[in-house]
Amino acid sequence: MYELIKKFRDVFLAVLPVVAVVLVSHFFLSPFAPATLGHFFIGALYVWLGLSVFLIGIEIAITPLGEMVGKKIARSKKLWIILGSGFLLGFLITIAEPDLLVVSSLVDLLTGGDINMLSLVGIVALFIGIFIAIGLFRILFAIPLYQIFLGCYAIIFLLMLFVGDSLHAIAFDVSGATTGAMTVPFVLAIALGIASMEKSGKGAEKDSFGLIGIASAGAVISVLLLLLFYRNGSHTTIVNVNTDHEFLTIALQAFVGLLPLFILGVAGNLLFFKLRYRNFRRILFGFFYTYVGLLLFLYGVYSGFLDVGRLIGTELETKAIPVILLVGFCLGFFAILAEPAVYILTGQINHVTSGFVSKRLVLLSLALGVGIALVLNLIRTRVVDFPIFYLLLPGYLLALGLMFVAPKLFVGMAFDAGGVASGPIAATFILAFSQGIALGNDNLIRLDDAFGMIATVALVPVLMVEILGVIYKIKVRKAVQAHENQ
Amino acid sequence: MKTNDTGLALVVAIVPEGSAKKVIRTARENNLSGATVFFGRGTCQKGILTFLCLDNPKREIVLMAGGAKESQLAMQAIYSKLKMAKSGQGIIYSCPLGDIIGSSTAGTKSQNEGSVPSVMKAIYTIVDRGKADLVLDSAFSAGATGATIINARGSGIHETEKIFQMPIEPEKEIVLILADNDLVDKITDKIRKDLEIDLAGKGIIFVHDVAKAYGLRSDVKNIKA
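Sequence lines, in order, name chains V and E.
If you read the first sequence in my numbering, its first letter stands for residue 1, the second for the next number, and so on.
If you read the second sequence in my numbering, its first letter stands for residue 1001, the second for the next number, and so on.
Check each hint, because a few of them may be wrong.
As the list claims (entries may be wrong) - Here are the in silico distance ranges between beta carbons for each label pair:
| # | chain 1 | residue 1 | chain 2 | residue 2 | range |
| --- | --- | --- | --- | --- | --- |
| 1 | V | 81 | E | 1063 | 54 to 62 Å |
| 2 | V | 75 | E | 1058 | 36 to 44 Å |
| 3 | V | 470 | E | 1029 | 54 to 62 Å |
Stated by the list, open to error - Cut-off 25 Å, straight-line C-alpha distance, at most; resulting in silico cross-link-like pairs (DSS-like, lysine-lysine):
| # | chain 1 | residue 1 | chain 2 | residue 2 |
| --- | --- | --- | --- | --- |
| 4 | E | 1083 | E | 1172 |
| 5 | V | 77 | E | 1083 |
| 6 | V | 475 | E | 1021 |
| 7 | E | 1131 | E | 1083 |
| 8 | V | 473 | E | 1021 |
| 9 | V | 359 | V | 478 |
| 10 | E | 1193 | E | 1172 |
| 11 | E | 1162 | E | 1193 |
| 12 | V | 6 | E | 1086 |
| 13 | E | 1193 | V | 77 |
| 14 | E | 1083 | V | 78 |
| 15 | E | 1081 | V | 359 |
Stated by the list, open to error - Partial pick of chain E residues on the chain V-facing surface, computed with a CB cut under 8 Å:
| # | residue |
| --- | --- |
| 16 | 1034 |
| 17 | 1053 |
| 18 | 1061 |
| 19 | 1089 |
| 20 | 1095 |
| 21 | 1119 |
| 22 | 1122 |
| 23 | 1124 |
| 24 | 1150 |
| 25 | 1167 |
| 26 | 1171 |
| 27 | 1181 |
| 28 | 1183 |
Treat the hints as calculated values from the structure; they're not laboratory data.
Backbone N, C-alpha and C fix where the C-beta goes; we use that ideal spot for every residue, glycine too.
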């Protein structure tokens, strides 16, 4: 019982800061209509309950299932089974990811149908499949993570040269959306499952991370490849942004998102795992909790958070730049605390390192990262207008450089954190906020401003976690020296 | 039964996730410094939670070693600090140690208080991953009232193998059960029979004395010295 209360209490404390930020802007910036505020509070309540139940479900169903699948695949010791199932898993989870569908339809709209939604989803799923397979291959053949990332980002930079400036952000945004609430826990668990068999403790720690990062890079590559064939870079299409989110639509989305894993769980159990009834029942219950939690969470975010985020954005539009930046930072910093995938990643970091890498410090780095990302992006769109390329290129070069300074363990964590930070909260609340600022009151949007937010949100946390790694390294070295001097 | 009393004790605290910090702080205030923490999961046998599959609470296990006297005081302090009298807040126990090497507290052996009668034992069962469940079934049916499961890996050199370039080791689960002396044989016998421990490669069981234990919910709550 204590455990349950603790979970609800933890999540409550995580959602509280966002509510506080919204209240502060209600009283000091511009009052919302009572109905909007009411919706927000009800939404926050749903987010609280939903996130708590979702995390419980992940813990008893998705993570164990992912671990079992990872182990089973690795134990087959047949390369084609490992690569084939890696590909299939990546492909199936991706086409079912609700966030990807949303962003793809937005891309479809904003490019006036030039980039077809279905082809976008298809190619992203294809590449995520391939890159998950590469990620599994890497673990089993002990290829260092930095080599993979160097390769991936070399390809990304090369492709960026051939794709119009204003389109870069689309690629990173889509990638951010792909690694959503369902993909992250499952992919993390697969890596954890395989890595936990490893003989060396260090290897088991660092190989538990990185798979999400590799998948994210794969998604960027896939979209850039697609964009090679789309040259009409200076589009400023004007469209209406759809804000309708019916409960039933969300219920269906969440169902579709969970379906591949559910089928995998049931089929896998019949064919391979053959769990005892009690354990199989646990997994089924876990799926139920995951579904209910995800549904409540998404409904809360869509019905309550989206409008408030947009309104804060629109109201801020007329305010002084420092105020905009400050509110942007606070919003980013606190909103990310309510991101489901963030919990799962920090939980896994805590678990794998037996508490050596503190949950709180990783959470702090992530929150700082997202806050800074919002500020950078606001500077880009509000203060000095420059293409996202000037943010992404040095950012990722720095991230790649830091790989050689930060401890190996943190490299995988950092790139995973990038994919994790850009989950449903970033894709809705934060995106709505930045769009609100970008478009003012007329609900119209420019291609250049529409994308780029998620891209920066996916970048800066990578840097922050790597920097945390460097700090850890220095601290540990100092502690060891102090000990030796005694 | 007499314990081989060297005036040293190992204190083991099994507490809810996140409480290890509090344990270590309280221990330090009571001159028991230095601790090692790892994760495990507990069991709970409340009907409704088990039915809803919400019954595997995460635990942190804290190992601390020091003089028997300090240990005793620290244990009592931790017991009251963490409100272990309440259900689900964890347990703490100590067992006599032969020696401590490599710790600054090793020099401060407490006075020999005379031998402490031990009426409880800790049973460790190490089996292949996934079999802890079966161990629990056997143990509970033989009268055990609680257990902690710790994920572990590795074993004898001959069991190591490779998947491509990745050396792997078999994964294990350690099941830790505290039980009264008169129940120990019953429990170990049952596990031994049910899991065929005597066959090669099926796992091992070992048992050691517990000097004092607090926070257990069985009939023997506090064992008096």
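So, going through the hints one by one against the coordinates:
1. At about 41 Å, the beta-carbon gap between residue 81/V and residue 1063/E misses the expected band of 54 to 62 Å.
2. A beta carbon spacing of about 26 Å between residue 75/V and residue 1058/E contradicts the range 36 to 44 Å that was offered as a hint.
3. For the pair residue 470/V and residue 1029/E, the beta carbons lie near 33 Å from each other, so the given range of 54 to 62 Å is not met.
4. For the hint linking residue 1083/E to residue 1172/E, the alpha-carbon distance of about 32 Å lies beyond 25 Å, and the restraint is violated.
5. At roughly 49 Å between alpha-carbon atoms, residue 77/V and residue 1083/E are farther apart than 25 Å, so this suggested pair is violated.
6. The hinted pair formed by residue 475/V and residue 1021/E meets the criterion: a straight-line CA distance of about 19 Å does not exceed 25 Å.
7. This hinted pair does not check out: residue 1131/E and residue 1083/E have alpha carbons roughly 32 Å apart, beyond 25 Å.
8. Between residue 473/V and residue 1021/E the CA atoms are separated by roughly 22 Å; this keeps the pair inside 25 Å, and the hint holds.
9. As the CA atoms of residue 359/V and residue 478/V are separated by approximately 21 Å, the hinted pair is consistent with the 25 Å bound.
10. For the given pair, residue 1193/E sits about 19 Å from residue 1172/E by alpha-carbon distance, which is consistent with the 25 Å threshold.
11. Our distance criterion of 25 Å between C-alpha atoms is broken by residue 1162/E and residue 1193/E, whose separation comes to about 32 Å.
12. Distance restraint check for residue 6/V and residue 1086/E: the Cα-Cα separation of roughly 15 Å lies within the 25 Å cut-off, and the hinted pair is therefore satisfied.
13. Pair hint residue 1193/E plus residue 77/V does not hold up; C-alpha atoms about 33 Å apart against a cutoff of 25 Å.
14. A distance of roughly 52 Å separates the Cα atoms of residue 1083/E and residue 78/V; the hinted pair therefore is violated under the 25 Å criterion.
15. A distance of roughly 24 Å separates the Cα atoms of residue 1081/E and residue 359/V; the hinted pair therefore holds under the 25 Å criterion.
16. Restraint check, residue 1034/E versus chain V: the minimum CB separation of about 12 Å is more than 8 Å; hint violated.
17. For residue 1053/E, the interface hint holds, the least distance from its beta-carbon to any beta-carbon of chain V being 4 Å, beneath 8 Å.
18. Given hint, residue 1061/E at the interface with chain V, is violated; its Cβ is 10 Å from that chain's nearest Cβ, farther than 8 Å.
19. Annotation: residue 1089/E was flagged as interfacial toward chain V, and the flag holds, the nearest CB pair being 7 Å apart, inside 8 Å.
20. Because the closest C-beta pair between residue 1095/E and chain V is about 22 Å apart, greater than 8 Å, the hint is violated.
21. This hint is violated: residue 1119/E has a C-beta 28 Å from the nearest C-beta of chain V, more than the 8 Å allowed.
22. Against a cut-off of 8 Å between C-beta atoms, the interface hint on residue 1122/E is violated, since the closest Cβ of chain V lies about 21 Å away.
23. About 19 Å separates the beta-carbon of residue 1124/E from the nearest beta-carbon of chain V, more than 8 Å, and the hint is not met.
24. Evaluation of the residue 1150/E hint against chain V yields a violated restraint, the C-beta minimum of about 11 Å exceeding 8 Å.
25. Because the smallest distance between the Cβ of residue 1167/E and any Cβ of chain V comes to about 4 Å, under 8 Å, the interface hint for this residue holds.
26. Taken as an interface hint, residue 1171/E checks out: its beta carbon lies about 6 Å from the nearest beta carbon of chain V, inside 8 Å.
27. Interface restraint check: residue 1181/E against chain V, minimum CB-CB distance 30 Å, threshold 8 Å, status violated.
28. A distance limit of 8 Å between C-beta atoms decides the matter here; for residue 1183/E the minimum to chain V is near 24 Å, and the interface restraint is violated.
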